[in-house]
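Q: Here's the letter readout for the chains.
There are 4 protein chains.
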Amino acid sequence: MIKVGIVGGTGYTGVELLRLLAQHEKAEVALITSRSEAGIGVTELFPNLRGVYDALSFTAPDAKLLAACDLVFFATPHGVAHELAPELLDKGCTLIDLSADFRLQDKDEWAKWYGKAHGAPQLLDEAVYGLAEVNREAIKNARLIAVPGCYPTAVQLGFWPLLNAGIADNARLIADCKSGVSGAGRAANVGSLLCEASESLSAYAVNGHRHLPEIRQGLRLAAGGEVGLTFVPHLAPMIRGIHATLYAEVIDHKRDLQALYEQHYQGSPFVDVLPAGSHPATRTVRGSNICRIAVHRPQKGDTVVVLSVIDNLLKGASGQAVQCMNLRFGLEETLGLAQIPALL
Amino acid sequence: MIKVGIVGGTGYTGVELLRLLAQHEKAEVALITSRSEAGIGVTELFPNLRGVYDALSFTAPDAKLLAACDLVFFATPHGVAHELAPELLDKGCTLIDLSADFRLQDKDEWAKWYGKAHGAPQLLDEAVYGLAEVNREAIKNARLIAVPGCYPTAVQLGFWPLLNAGIADNARLIADCKSGVSGAGRAANVGSLLCEASESLSAYAVNGHRHLPEIRQGLRLAAGGEVGLTFVPHLAPMIRGIHATLYAEVIDHKRDLQALYEQHYQGSPFVDVLPAGSHPATRTVRGSNICRIAVHRPQKGDTVVVLSVIDNLLKGASGQAVQCMNLRFGLEETLGLAQIPALL
Amino acid sequence: MIKVGIVGGTGYTGVELLRLLAQHEKAEVALITSRSEAGIGVTELFPNLRGVYDALSFTAPDAKLLAACDLVFFATPHGVAHELAPELLDKGCTLIDLSADFRLQDKDEWAKWYGKAHGAPQLLDEAVYGLAEVNREAIKNARLIAVPGCYPTAVQLGFWPLLNAGIADNARLIADCKSGVSGAGRAANVGSLLCEASESLSAYAVNGHRHLPEIRQGLRLAAGGEVGLTFVPHLAPMIRGIHATLYAEVIDHKRDLQALYEQHYQGSPFVDVLPAGSHPATRTVRGSNICRIAVHRPQKGDTVVVLSVIDNLLKGASGQAVQCMNLRFGLEETLGLAQIPALL
Amino acid sequence: MIKVGIVGGTGYTGVELLRLLAQHEKAEVALITSRSEAGIGVTELFPNLRGVYDALSFTAPDAKLLAACDLVFFATPHGVAHELAPELLDKGCTLIDLSADFRLQDKDEWAKWYGKAHGAPQLLDEAVYGLAEVNREAIKNARLIAVPGCYPTAVQLGFWPLLNAGIADNARLIADCKSGVSGAGRAANVGSLLCEASESLSAYAVNGHRHLPEIRQGLRLAAGGEVGLTFVPHLAPMIRGIHATLYAEVIDHKRDLQALYEQHYQGSPFVDVLPAGSHPATRTVRGSNICRIAVHRPQKGDTVVVLSVIDNLLKGASGQAVQCMNLRFGLEETLGLAQIPALL
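Those protein sequences? They're chains B, P, F and D, same order as listed. Counting in the UniProt record's numbering, the first sequence runs from 1 upward without gaps. Counting in the UniProt record's numbering, the second sequence runs from 1 upward without gaps. Counting in the UniProt record's numbering, the third sequence runs from 1 upward without gaps. Counting in the UniProt record's numbering, the fourth sequence runs from 1 upward without gaps.
Bound-form chain B, shown alone:
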């Protein structure tokens, strides 16, 4: 059994991690920390977990106790993993960080987008970006894994085959993304209230969202060079789900895009390339670690439209983190991640 610690378990990614790990036959949660909820039983905060975690309580963060775990997940605001990672790595823990702390390889870019100096730049070289469909082998041997953000996961999986094949105009890519409200986390903000966020839809952060540099970094890797990207996130009136609608101009019109995508993801158990002409709905992946993708060329024109949907809390966060754990600990990639989405 993998002995697991979770730092910062009171948010939505934390409670989803708990739920996934409860059903995972090779891992057990030994410790979950929360500064604000220390001493409170997990099921008091999360009544959905009654009968599952009745004996587990939140404890104040304690590096010594965490160091006794095989694996520590960070489900924290940015900056926390910077602080704790060096000591825990020294003690031999494997770290899987769901925050943004180690996603960007360039510490200056991190500082620019997060408004303070990077707290552990010495670890950037060995941090592995935890997108299994791109980095599977590196993840297997990593000590420090940075789980991708939710938008970056949906966008990169959707664009990767196209850019990697070198058949798109990389200078003008567009990612129009729609996210459920859980992407904003469990913070008590007025904008996330049911009365404000339901029955409405709006774009936000059009001038620059923190996921933009992360997506660009990934797409550069796919394209093998610079890319131009416009990324517009939208808040949609639903709990879960990301729908990325991706636009690019093809420069090679003879390539069979459907075959390209199907071949590219053949060995990836969590990416489902739909039949030509399909329109994936976010509900078809809700509660699962699956990404469903459909590729279109409307009226056989120059523009490719890729539709890519994920559950932002699973493939976009906690599910992807467990997928990384499986790879890192030599387990079947899909272990504990066989949840089937409900139709409704």
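Think of the hints as simulated: they come from the structure by calculation, not from any bench. Misleading hints may appear alongside valid ones.
[What the hints assert, rightly or not] Only pairs whose alpha carbons sit at most 20 Å apart, straight line, appear in this in silico EDC-like list of lysine to aspartate or glutamate:
id	chain 1	residue 1	chain 2	residue 2
1	D	Lys300	F	Glu109
2	F	Lys26	P	Glu109
3	F	Lys300	D	Glu109
4	B	Lys300	P	Glu25
5	B	Lys26	D	Glu25
6	B	Lys3	B	Glu25
7	D	Lys300	F	Glu226
8	F	Lys300	D	Glu226
9	P	Lys26	F	Glu25
10	P	Lys107	P	Glu83
11	P	Lys300	B	Glu226
12	B	Lys300	P	Glu109
13	P	Lys300	B	Glu109
14	D	Lys26	B	Glu25
15	D	Lys91	D	Asp70
[To be verified] Selected chain B positions facing chain F (Cβ under 8 Å, derived; list incomplete):
id	residue
16	Ser198
17	Glu199
18	Ile239
These numbers come from a predicted model, not from an experiment. C-beta: ideal position from N, C-alpha, C; glycine also.
Keeping the supplied structure of chain B fixed, place chains P, F and D upon it in accordance with the hints.
A: Below, chains P, F and D alone, put in the same frame as chain B:
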């Protein structure tokens, strides 16, 4: 008082027309027809209208009775207005058609997208496209007004100033649109059930939606030439609202876009150009005839992003129809359309 | 024109008051106060009001400025009206309080339920409970009007004719109530987040809700004696609306309940008694000041079931406040309150 | 492996059965029938099941093929099981019927509520009501199991301990129930459209719902005698979940109700009696077979309020059916039913 008849009043545009006209001081509904509900009281079908239309019942369509009206609205499936329009025009009625029957100026294009021959091509020359912000003067003198579709309204109002100024690359425009479920009407389709459409988001008709030729026709007019447009509609889990996210490449970087939009819409009481940096939410126009628009150039790059929101049932249908009525009958453009959106 | 001041205008009842008063031909908002938002334009906080209140900003509360108003509405947390009312009444203002400060006639009961001493017990004798359907004449002459709570409005209007007729067992009344989330106000609480409150339903405060003593006080008046009431409020996954399902045992089986209710509310323009056998949906009153009521005796048994629906922000708060204003200032009771609910 | 056939698999209970059985290690779906969808692949209709049932298609109902199964589930409208059951039982199949066909023990009552004669009265004697918490032993030996309705499950589990202990006034019980829209099934009715059912709440069938006789039959068994019940179902704007709010008058005030409920359900793995003072939300059971119950006596008065929540599609239908299968085939009662509800 304008004596009004409504053909096909049992759908969502019909019931919204009824509601708007009840509050309009210069019009009164004399007649509302429905083949399926003939004999049923309006308030039996629409209990929200109790106390307002207690004396009105649906009647079977009857050209003679309709001909006695000053103005007939069509809130019907396509094809019905084709059939009835010639006779009613002959009898001196003014017609405002909320269906697609007279929106496209080219009868062959109509036939291609609607799957049958156009039923009244002889009227195409005089049919006026009812987008007041473009066609105000023509509407004032029209006998037959074709109210624009919901997507076309949001997209055209958002793109118009940009294309009209000739500062965008017209060959590659993108309109990524999100609509509430009421856009699908009151038909009992499985896909519109709460259990299927809520808590989910998906694109549809990526390969070609009936509003595509209508939008293209309008944008050609704005641009004074051919345009290339990719239009992707999405179904969002809410009742009302359209959010159009529009992308274009600017070729003249010196132009002040904010000023351009503000000036363009100065005389248009229903278009509200938001301050630079804004993100309009669909709920800020819900229940009103307002279109709110914000213009962005993310990170001062080449791509312009225009956000345009309307209530699909009002500015995208029944409200716009009343706006046309006001213009046509020499009334204040805003008469009866002063509804203020609720915050929630 | 009635010169209106609003104290505490940043919540949902405040923004709804603003919206209603903008459409009211005999009142104008001269002043709106907010400690936290002083200096901010109303339309910055509430973009739905753009074009309507462009010139109005929140100001810090200032008794002198408020005293210059004919009428001051309190849309504040409890306790604030206690503090300001004495001075404003002295200066000749009429006060309409949407908070709970003057709803209970017994200062000790107030202290028990609100956890501190009543702050202005000397005003209790003259405070008039603002339920027009019960207190119409008293409201016309009141200086200080306490607008009823949302649950109390729906429950009292539903029970009143039955209890007043003396044909129910008053010892065991049940009010099972379901409310939209806006009843919890605009406070940023985790429980009101879309992610927590949508797609779920739960009871709360079963052991005692602050509206219980207010309802009991009203029902005692209706019954002319003591009543036994069980009141269970529920949070329903929607923005607006209260559905009260009321249960009582009839002791006089011959009485025609339908006729009783219809006669009782004959002179009340905002109460709509539905035909026998009806089931009012909350959406049929959304956005209006209407209360719709249906009376049932399932299978002709002893139990009466009354269904009573209102929009909690209108008939349950701001609409009722305007109704009180109309009565108090000698205007038509319905002035500015003719909004017709949308079907959807 | 239990060889399973499903009759009528295109509705919501059918697709949930498929999902549960896919994760069940001792059962496999050999056959699924649908008259309307015969020949269509299961994943074409239900894209959420891609990768799980890729090889399964709907077939026309065929008694011979069904007879080759160990177990046949009926997920059909009423009447279908009447027709097929006799032959399948003869051939040695076990039948678990999710429809209403065998829930009522009295064929005349069935005829009264379902509007036609009972189609297989000869089987009523041996049909076992599939509420495991009441009938566990009988289910183990049954050939024909009638899975309870969704409302009856929530109400019976909530009332049972109280009535069985003989400490309530059985003559006047009230069940005020709120259901998600999936309770209405996958039929394309206008009333179940998102535009009609979301953002609203209403009661329905106050004068008599088909689940009333079923609940009464169960409560009579619990009470050991006649009961008087008022049952009011409501449609709540959410996909899944039933919240039953139950009211009864206690006649023995000394009994510790909390202890009574906890003891009663000690051996029932799917009933979770919450700590005193709790308010279960429907979301805490969504996606699981759990029923959570809380018992209140507001202000220590005579009225007991029991709150009982289930997922109508699982404990109220398909989950309960699998629970019955487990018992009937000698498996662990919880096998394949360990899904943990998500917090959101």
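Q: Next, verify each hint and record whether it holds.
A: Hint check results:
| no. | hint | result |
| --- | --- | --- |
| 1 | Lys300(D) x Glu109(F) | holds, 18 Å |
| 2 | Lys26(F) x Glu109(P) | violated, 53 Å |
| 3 | Lys300(F) x Glu109(D) | holds, 18 Å |
| 4 | Lys300(B) x Glu25(P) | violated, 51 Å |
| 5 | Lys26(B) x Glu25(D) | holds, 19 Å |
| 6 | Lys3(B) x Glu25(B) | holds, 12 Å |
| 7 | Lys300(D) x Glu226(F) | holds, 18 Å |
| 8 | Lys300(F) x Glu226(D) | holds, 18 Å |
| 9 | Lys26(P) x Glu25(F) | holds, 19 Å |
| 10 | Lys107(P) x Glu83(P) | holds, 15 Å |
| 11 | Lys300(P) x Glu226(B) | holds, 18 Å |
| 12 | Lys300(B) x Glu109(P) | holds, 18 Å |
| 13 | Lys300(P) x Glu109(B) | holds, 18 Å |
| 14 | Lys26(D) x Glu25(B) | holds, 19 Å |
| 15 | Lys91(D) x Asp70(D) | holds, 10 Å |
| 16 | Ser198 | holds, 5 Å |
| 17 | Glu199 | holds, 6 Å |
| 18 | Ile239 | holds, 5 Å |
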